[in-house]
Amino acid sequence: MPARNAKQWDKIPGKIASGEYVDSRIYSDRNIFEEEITKIFKKVWTPVCHESELSEPYSFRTMTVAREPVMVVRGADNQIRAFLNVCPHRGNMIENRPSGSFEQGSPSGAPKHMTCMFHAWQFDMKGNCVHISRGSEGYQDRLACSDVGLRRLRCEVKYGGFVWVTLNDAIDQTVEEWAGGAFDCMEKSLNAEPLEVFHYHKAIIPCNYKLWHDTNSEFYHDYLHYHNRITGFNDSYFARKNIGFDNGHVNVGSFEVQYDQYEGFESREELSFPHLPNNHWEMIDFFPGVNFNLRGSALRCDIMTPLGPDKVMIEFRGLGLKSDTPEERLIRQRHHNSIWGPFGRNLHEDLLAVSTQQATMNEWADKRRILHGRHEVDADGDPTIHDEEGMRHFYDAWGRWMDRWPGDPELSFEEGQKREAA
Amino acid sequence: MSESMNKQVAISNVIYKASLFLDEHRWDDWLNLCHEDFYYAIKAFSPEINYDMIYMDGNREDMRTITDMLPKHNSDNSPLARHTVVYTVEMDESQDTATAVSSFAVYKTELDGINSHALAGESNIFLVGKYRDKFGFDNGEPFFMERIVQLDTRRLDKGSHFPI
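Chains L and Z, in that order, give the protein sequences. Position one of the first sequence corresponds to residue 1075 (the working numbering), numbered consecutively onward. Position one of the second sequence corresponds to residue 225 (the working numbering), numbered consecutively onward.
Since the hints were derived computationally from the structure, they do not count as laboratory data. Think of the CB as a built atom: it goes at the ideal place given N, C-alpha and C, for glycine as much as any other residue. Any given hint might turn out to be false.
Straight line, CA to CA, 20 Å or less: simulated PhoX-like cross-link-like pairs of lysine-lysine [claimed, not checked]:
1) Lys332/Z / Lys1276/L
2) Lys1385/L / Lys1396/L
3) Lys1276/L / Lys358/Z
Among chain L residues calculated to face chain Z with C-beta under 8 Å, some are [as the list claims (entries may be wrong)]:
4) Phe1272
5) His1275
6) Ala1277
7) Ile1278
8) Ile1279
9) Pro1280
10) Tyr1300
11) Asn1302
12) Leu1421
13) His1422
14) Glu1423
15) Leu1426
16) Ser1429
17) Ala1433
18) Arg1474
19) Met1476
When you get a sec, could you build the whole thing from the sequences and use the hints?
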């Protein structure tokens, strides 16, 4: 067909069904973005860091979840707990550093306490307020330490030592229930022995968080990567399956990567994770914005923090085994970073693509359809690697959380379903 | 000028020459300034995970493999240009080697990374850090034995395929 005029361009192409595309406004509309923060990100479990980042009692990490400042602390009892990083007095952020230890005192506070530097209110590692400066002089019997503990957050350490937090006290699922079996493919490898983070970097990318999640979910973009074109395309590669789980999570099945096809790359066989077949690769796209990617010798985890409809912060972590020798660690770092590091072969290409993708669907651009209608199945009818079932599964969950139809966000999810059925 | 002073000046010159070669993507010329046992690494310390990280490393052959493959990759081709200042050069006369510390800032001038109509031509600082170099000499001419790119910048956004 020749290039289309405006009317033709606006029509649904071919025989694509309404559940096989999304409206580009879900990537750019400010109101939809605000709704996502409220309806999704404030409600779900998300990993915020790894336990190895808080290796000693009194160590801490800070972050934000759905714009709320959060602090994760390891107590004297070795328990990891999470709190809102907000002083109940004047709303100051209690700890500003990205990580550190409360073991030593601070200019305003005593050792082994979280202290708000502003007015020196102090809290223990369980979030109890233990000191209000000149408390009785100022508040008499109207306010006591017992009235002003920190806001605790539900927190679990799960799946290889990741620290999971939710802002939602009323959530009726544990992390395991929320995962709905999505970790079954790699849980044994992650839990075989303690893991340790060896790589961290962050990127703030001018794209909607879902575009990054889409890219992690669809492998049709193999054509973007020289590395994948060289090492990937064989029968076992195309036979990998997309498997959907409750709550919008997706697995991409395992296969053996042929590293010997790519000059400058070596086999990951020697240092493959425990219980992972040599050079194999497993991936979980976890709703709404996390990716776990276990590829031979290294685990990568992307955690997305949406900053705006067209802006996302992605924290990239690489993990190996805590028991690694320095030599083994160096090899794992090389394996991880040669592909996934900030100067690696694949990550730059992926980030470049989502940046230019968002550039066509800014806040003021006309709406258009973004397709995810590929159906590529095996002999049993199961979706394989270039099927776009992963994205469809995600958007089905997204539509239910948002009560919006992804293909036309002005419709409720139910209205969209009816239209699709019709 | 003493022979030692001559060598110090030569080291500054070769650091600046390497900066220009890297700016201009003259990868072979850059690698020709390096010994066959050359080691290159991009490192950073992460206060988030309290860990000394190696973002990239390799020997001269590894670097040649990477630069040879650049045309096969999809890359942000926005030019990167360095402002390099040599801070110190320290000679070890007994070993006929030297070390140098330089400060650098890498500027990116947008070309095709996002939306070229609006952004092409805009310059921003991409990376800052220090070059920590080791040198040997051949007939008084310095060559790179090692370059450690120690980054201060850790928000790396799209990153890059190009050696820094």
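Handout entry: Numbered hints the structure breaks, given as an ascending list
Key = Numbers 2, 3, 11, 18 and 19, in rising order.
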